[in-house]
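Participant: This is what each chain is made of:
Number of protein chains: 2
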Amino acid sequence: MNYYMMGEYDVIVIGAGHAGCEAALASARMGKKTLVFSINLEAVAMMPCNPSIGGTGKGHLVREIDALGGEMGLNIDKTFIQSKMLNTAKGPAVHSLRAQADKHQYHEEMKKTMERQKNLDLKQGEVVDLFVEDGKVCGVILRTGAAYRAKAVVLATGTFLRGKIFIGEWSFSSGPNGLAPSMELADNLRKHGMELRRFKTGTPARALADSLDYAKMQEQHGDEKIVPFSFMNDELDKEQISCWLTYTNAETHEIIRNNFSRSALFGGQIEGVGPRYCPSIEDKVNRFSDKQRHQLFIEPEGLNTEEMYIQGMSSSLPEDVQEAFYKTIPGLENLKITRPAYAIEYDCIDPLYLKTNLENRQIENLFCAGQFNGSSGYEEAAAQGLMAGINAALRVDEKEPFVLDRSEAYIGVLIDDLVTKGTNEPYRIMTSRAEYRLVLRQDNADLRLTEKGHRIGLVTQERYDRFLKTKNEAAAEMERLEHVIVTPTEEINAYLVSLGSSPLKSGISLSELLKRPEITYALLAPLDKNRENSLSMHSITQVEVQVKYTGYIAKQLQQIERFKKLEDKKLKQGFDYTKIEGMRLEAIQKLNQFQPVSVGQASRISGVSPADINVLLVYFEKMR
Amino acid sequence: MNYYMMGEYDVIVIGAGHAGCEAALASARMGKKTLVFSINLEAVAMMPCNPSIGGTGKGHLVREIDALGGEMGLNIDKTFIQSKMLNTAKGPAVHSLRAQADKHQYHEEMKKTMERQKNLDLKQGEVVDLFVEDGKVCGVILRTGAAYRAKAVVLATGTFLRGKIFIGEWSFSSGPNGLAPSMELADNLRKHGMELRRFKTGTPARALADSLDYAKMQEQHGDEKIVPFSFMNDELDKEQISCWLTYTNAETHEIIRNNFSRSALFGGQIEGVGPRYCPSIEDKVNRFSDKQRHQLFIEPEGLNTEEMYIQGMSSSLPEDVQEAFYKTIPGLENLKITRPAYAIEYDCIDPLYLKTNLENRQIENLFCAGQFNGSSGYEEAAAQGLMAGINAALRVDEKEPFVLDRSEAYIGVLIDDLVTKGTNEPYRIMTSRAEYRLVLRQDNADLRLTEKGHRIGLVTQERYDRFLKTKNEAAAEMERLEHVIVTPTEEINAYLVSLGSSPLKSGISLSELLKRPEITYALLAPLDKNRENSLSMHSITQVEVQVKYTGYIAKQLQQIERFKKLEDKKLKQGFDYTKIEGMRLEAIQKLNQFQPVSVGQASRISGVSPADINVLLVYFEKMR
Ligand SMILES: Cc1cc2nc3c(=O)[nH]c(=O)nc-3n(C[C@H](O)[C@H](O)[C@H](O)COP(=O)(O)OP(=O)(O)OC[C@H]3O[C@@H](n4cnc5c(N)ncnc54)[C@H](O)[C@@H]3O)c2cc1C
Ligand SMILES: Cc1cc2nc3c(=O)[nH]c(=O)nc-3n(C[C@H](O)[C@H](O)[C@H](O)COP(=O)(O)OP(=O)(O)OC[C@H]3O[C@@H](n4cnc5c(N)ncnc54)[C@H](O)[C@@H]3O)c2cc1C
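Chains as they are written, first to last, in numbering that gives the first Met the number 0: chain A, 0 to 623; chain B, 0 to 623.
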């Protein structure tokens with residue numbers, strides 16, 4: 000049967016999950032004629048697992064996506080039902096925003112945004128093959144025989160490729176959440192020479208709100224003062240709903256342990272590798288056998304549904320075991336399950352086959368993003384989607400790739416980890432993965448990235464103007480604070496003592512005073528007669544953090560400079576490393592195969608030692 | 000692999016489409032412990048085709064479902080976005096209510112109602128087999144290995160069983176709307192001895208609102224005065240959205256005709272039989288080749304989406320042809336398709352295998368409903384679902400079946416047509432199928448059915464009290480109008496003349512006056528000094544229709560009496576008709592095989608002639 004040509008686009012995106020949506024929007028906003036497919040349009044920006052966006056590390060990604068002109072932050076600001084800044088007891092480097100979402104609204108708003116986006120067509124359809132000519136992708140074919148040409152393609156198929164669900168000893172082909180899997184495309188990608196592997200992830204059961212006993216659980220409220228995800232939003236005010244905290248216990252663990260033999264995980268049926276940092280409950284009980292209890296959060300799936308999500312309790316045990324162990328948990332004694340927990344296995348690529356711009360090393364103009372790249376998580380997917388979309392658009396214009404390095408963004412850390420170090424399990428971002436945490440804060444993502452986003456044409460003028468205003472406002476205020484000197488009057492010292500701060504001995508700038516841990520910008524107000532009260536919440540945060548941590552930040556910036564030196568030493572693609580005398584064989588093989596873009600990247604390749612890097616540096620010094 | 004037992008229910012419903020939802024709610028409301036499955040919970044009460052409920056004949060069904068205590072009427076009243084009483088220029092027998100729905104809200108509200116319903120559990124899961132013991136169904140098995148026992152099962156799988164989609168020469172396994180099909184259950188039903196056949200249906204493309212030119216189409220408004228579907232609602236007030244009317248033309252037809260060879264329909268790939276009364280556009284162009292144009296309605300799919308539905312234009316032509324012919328239509332020149340039109344083929348049962356209570360003739364306690372029974376349409380599905388749910392619940396209590404005959408309800412006509420006459424194509428209700436149209440009006444569905452619904456325990460006390468109040472109110476008012484006599488004063492005659500009515504010659508009751516076609520109840524007000532203005536809209540309609548058509552109605556009631564005589568002559572199940580001398584062989588075979596419940600039903604079996612029925616009547620007269 001012959002396919003028939005339907006049209007031509009600059010960029011085609013396969014998949015409208017969190018990765019695909021960002022990719023498509025970025026490409027369209029950069030002026031490229033863009034087409035995006037989803038097997039089912041009701042599953043656009045679907046959340047198949049937890050009903051929330053953000054969290055430690057992930058919240059940073061959302062802020063960065065937003066600062067670059069992406070959509071996730073705006074979309075969750077429209078649709079959250081509870082918001083919380085996490086880790087506020089710790090330093091600003093690990094403050095992370097997290098919001099519960101109304102799942103359906105999240106989908107609906109994202110879909111609407113896509114429908115209304117200029118240059119963007121959103122279509123229901125299943126891609127079954129790519130056109131590849133001379134090692135370059137140049138279009139896609141759908142199940143219906145329709146075909147489209149494209150200058151670049153973004154692959155963002157999530158957990159759908161040859162999806163297979165496991166519950167106990169039973170398994171069957173399926174996409175997530177009772178949706179159809181994508182079988183044919185996986186086979187054809189293999190035919191094009193792609194090596195795919197199997198990863199797995201899992202989700203807990205959903206239960207009816209009405210069947211739970213809230214008196215036995217601890218209520219969890221949202222923040223009183225809501226910090227928006229998007230730099231485009233000022234303070235948000237919304238009625239928030241509660242979540243609920245409860246715990247597993249010895250009985251729960253016993254039931255699980257007694258049924259290890261019926262678990263897909265331990266039965267050996269699952270070949271895919273699961274995420275170490277989101278383990279199933281049987282995994283937790285197995286690995287942390289001395290732990291008395293595990294905490295669970297009970298979270299609403301939305302405002303207009305009775306379904307609740309049981310966070311922390313994913314499982315691939317049979318349904319009867321699930322029901323038994325969930326019912327041992329305080330508050331869940333009479334729970335009614337609406338959807339059982341399950342594990343899902345899917346085809347994905349080894350991200351070592353990707354370049355730093357997320358382009359496939361084997362097929363030119365094919366960019367890859369999201370869970371397909373071996374990551375896990377909505378935010379990780381969205382971040383890669385954005386970068387893949389940007390780079391696909393740049394490719395169409397034959398422009399230089401847009402790559403963020405590890406000192407510029409968590410997005411840089413995420414992608415560099417994936418494409419340089421690879422991953423043996425679904426990769427998840429964590430603040431501990433970043434070397435320059437104090438610089439890569441969630442509060443300054445705009446300062447780090449909005450300028451760059453503007454330069455590539457993704458950040459709108461409106462966002463850019465707003466950014467400049469805040470940036471200048473905060474800078475001016477920091478400058479001003481340095482020059483307002485307070486002197487040790489009795490009144491002032493009494494005030495300081497009342498705040499638990501030591502009295503002044505001599506004149507001191509407000510800037511210096513602000514460095515004291517117990518002093519906030521707000522508390523300085525009585526000492527600061529000329530202050531104009533127009534500073535935004537965001538600018539106040541900037542002033543506080545930058546002033547308080549100025550020393551640490553300066554030190555980290557020095558480290559970054561050293562780091563940048565190696566990143567800036569670019570390496571020629573296709574260089575033959577056997578030419579370099581004195582380098583170990585393993586390193587030569589790795590470098591020849593990998594072809595790093597810089598000495599910096601070379602230094603992070605597993606199997607390349609610091610000594611090898613020294614040899615490399617000396618060689619290039621000589622060659623100059 | 001062994002399944003594992005999860006629990007026991009009175010009634011299990013397979014499928015939560017329009018049929019399954021009504022079945023499950025009816026059973027639960029009748030006090031039965033009920034469990035309902037859907038492959039995907041996001042597709043509960045999904046509308047895979049037109050975004051509307053009601054229409055000619057179908058509106059009658061919704062009213063009847065409501066009068067019996069079903070949900071469809073209440074649910075559309077909550078979620079409609081435009082409402083219209085059709086055929087108001089014709090007599091009250093064919094007045095039919097039709098409402099545009101917000102598709103997502105329709106789903107969401109129905110799901111919420113199910114989630115909150117006592118005795119009802121709603122679960123995501125795919126049933127792959129039935130437990131059948133000694134010819135009786137006694138449970139179901141899921142894809143996950145979970146199994147449940149049940150005293151009765153309702154099968155309502157819609158278009159999912161071995162679903163196969165056709166677009167041009169391409170076809171592939173799929174459920175509707177990009178959802179997964181149900182393959183295994185179909186195979187296992189066959190193993191249990193069920194003979195399944197293939198029917199097909201189709202849906203048009205969806206297009207982006209923004210891509211259409213409304214200046215070239217005719218705007219269609221909703222009614223100013225909204226009549227609710229449910230007898231539980233008084234006047235509804237809501238802002239309504241518009242739909243748009245446009246037409247195909249010679250160019251459209253030419254493109255379609257030129258591509259007949261690429262159509263799945265004419266190419267012979269589709270073995271399933273499609274609905275004659277909802278033909279695809281290629282079918283219309285083929286069959287009505289002299290018709291210059293066909294009308295199309297452009298209807299929003301909801302308030303929170305940009306997708307529009309192109310009513311009247313279903314097709315299984317390839318996507319390129321679709322795009323070409325849609326673009327020939329005024330207003331659609333630049334349309335952007337979000338989902339292409341397609342035809343879907345699926346397994347269903349020959350309804351001749353069903354009893355009048357929708358129980359399967361081959362497997363006891365298995366009730367069947369909806370598209371699976373060979374019907375088409377949301378309302379047809381819901382009506383059967385309700386009856387199947389009621390009868391499943393009654394069976395659990397070992398009570399008599401609940402059957403409506405052709406003189407009592409369109410539901411009776413629908414089910415009697417299906418189970419007695421069978422159907423060779425997806426069956427759709429039409430007012431012309433009813434013999435007693437003037438009695439089976441949409442306005443009096445409560446008078447016909449609410450008493451019955453109350454008796455079987457489905458109608459709530461609240462609904463019943465409300466019903467009695469209206470009923471008594473209307474009856475009292477009709478009685479009163481008979482006794483208010485107006486005499487021919489000059490003033491009154493002048494008023495009548497001003498209404499285009501002839502002046503009085505002698506005294507006449509308001510009742511008589513109301514029989515004049517040009518006189519409405521409202522117009523009588525000036526002549527009716529003692530009227531209390533508290534009558535509900537519904538009662539006013541009753542008074543008007545019953546008074547105006549009293550003669551015709553009386554005549555039809557006589558016909559019904561004759562009809563009932565044959566229905567009341569019950570026939571023994573398992574009777575051997577070869578015993579009856581003088582009957583034609585064909586009739587004997589048919590009757591032996593079919594085992595009708597009454598002489599009435601026997602008379603409608605194809606192949607049984609009026610002469611055969613006479614022989615039958617004589618035989619039973621003699622036997623007495
Ligand atoms: C059961 C489950 C549990 C999870 N648990 C966790 C967890 O605990 N923690 C966590 O951080 N993350 C978890 N995740 C991961 C998270 O859901 C994903 O990382 C995220 O949704 C991935 O986004 P994506 O855009 O890469 O893919 P997806 O959101 O999966 O979107 C894929 C898109 O591709 C489309 N598509 C696929 N194939 C085709 C094709 N051939 N043609 C056209 N369109 C196609 C689909 O229709 C869909 O629109 C879980 C996911 C699942 C399914
Ligand atoms: C493409 C298309 C076009 C149509 N066009 C028209 C039209 O023009 N005019 C018209 O009047 N009608 C049309 N219809 C028909 C109308 O949609 C159906 O008649 C109506 O939805 C049938 O309702 P139902 O409850 O029988 O089945 P559905 O609404 O199809 O629901 C079936 C339910 O069964 C579930 N299910 C199926 N198999 C299993 C299983 N093994 N285990 C658990 N759950 C299962 C599904 O998840 C779903 O919840 C069309 C339908 C489709 C799909």
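Check each hint, because a few of them may be wrong.
You can't tell identical chains apart in this list, so a pair holds if it fits in one copy or across any two.
Okay, derived cross-link-like pairs now, BS3-like style, lysine-lysine, Cα gap no bigger than 27 Å in a straight line [as the list claims (entries may be wrong)]: (1) 621 / 215; (2) 571 / 354; (3) 528 / 190; (4) 237 / 77; (5) 563 / 578; (6) 528 / 111; (7) 564 / 514; (8) 237 / 578; (9) 117 / 563; (10) 326 / 420; (11) 190 / 77; (12) 528 / 571; (13) 32 / 470; (14) 326 / 237; (15) 563 / 514; (16) 547 / 468; (17) 528 / 589; (18) 354 / 224; (19) 589 / 568.
Hints are computed from structural coordinates only; laboratory data are not their basis.
Participant: Determine for every hint whether it applies to the structure shown.
Facilitator: Now for the hints, and whether the structure bears them out:
Within a single copy, residue 621 and residue 215 get their C-alpha atoms no closer than 71 Å, and across copies no closer than 74 Å, so neither meets the 27 Å cut-off. In this assembly of identical chains, the alpha carbons of residue 571 and residue 354 lie at most 27 Å apart only when taken from the same copy (14 Å versus 79 Å across copies). In this assembly of identical chains, the alpha carbons of residue 528 and residue 190 never lie at most 27 Å apart, being 72 Å within a copy and 87 Å across copies at closest. Taking identical chains as interchangeable, the C-alpha atoms of residue 237 and residue 77 lie at most 27 Å apart whether they share a chain (10 Å) or sit on different chains (25 Å).
Taking identical chains as interchangeable, the C-alpha atoms of residue 563 and residue 578 lie at most 27 Å apart only when both belong to the same chain, with a minimum of 26 Å there against 101 Å between chains. When the C-alpha separation of residue 528 and residue 111 is checked against a cutoff of 27 Å, the pair qualifies neither within a copy, at 48 Å, nor between copies, at 56 Å. For a Cα distance limit of 27 Å, the shortest separation of residue 564 from residue 514 qualifies neither inside one copy, at 31 Å, nor across copies, at 98 Å. In the homo-oligomer, the alpha carbons of residue 237 and residue 578 never lie at most 27 Å apart, since the shortest distance is 64 Å inside one protomer and 78 Å across protomers.
For the homomeric pair residue 117 and residue 563, neither the shortest alpha-carbon distance inside one copy (38 Å) nor that between copies (64 Å) is at most 27 Å. Taking the shortest Cα distances, residue 326 and residue 420 never come within 27 Å of each other, neither inside one copy (42 Å) nor across copies (51 Å). Proximity of residue 190 and residue 77 under a CA criterion of 27 Å is satisfied in neither setting, with 42 Å inside one chain copy and 51 Å between copies. When the C-alpha separation of residue 528 and residue 571 is checked against a cutoff of 27 Å, the pair qualifies neither within a copy, at 59 Å, nor between copies, at 100 Å.
When the C-alpha separation of residue 32 and residue 470 is checked against a cutoff of 27 Å, the pair qualifies neither within a copy, at 33 Å, nor between copies, at 63 Å. Proximity of residue 326 and residue 237 under a CA criterion of 27 Å is satisfied in neither setting, with 33 Å inside one chain copy and 44 Å between copies. Taking identical chains as interchangeable, the C-alpha atoms of residue 563 and residue 514 are never at most 27 Å apart, the minima being 29 Å within one chain and 94 Å between chains. For a Cα distance limit of 27 Å, the shortest separation of residue 547 from residue 468 inside one copy, 22 Å, qualifies, whereas the shortest one across copies, 75 Å, does not.
Taking the shortest Cα distances, residue 528 and residue 589 never come within 27 Å of each other, neither inside one copy (63 Å) nor across copies (101 Å). In this assembly of identical chains, residue 354 and residue 224 lie within 27 Å of each other by CA distance neither inside one copy nor across copies; the values are 41 Å within and 63 Å between. Taking identical chains as interchangeable, the C-alpha atoms of residue 589 and residue 568 lie at most 27 Å apart only when both belong to the same chain, with a minimum of 18 Å there against 90 Å between chains.
In this structure, the earlier hints numbered 1, 3, 6, 7, 8, 9, 10, 11, 12, 13, 14, 15, 17, 18 are contradicted, and the remaining ones agree with it.
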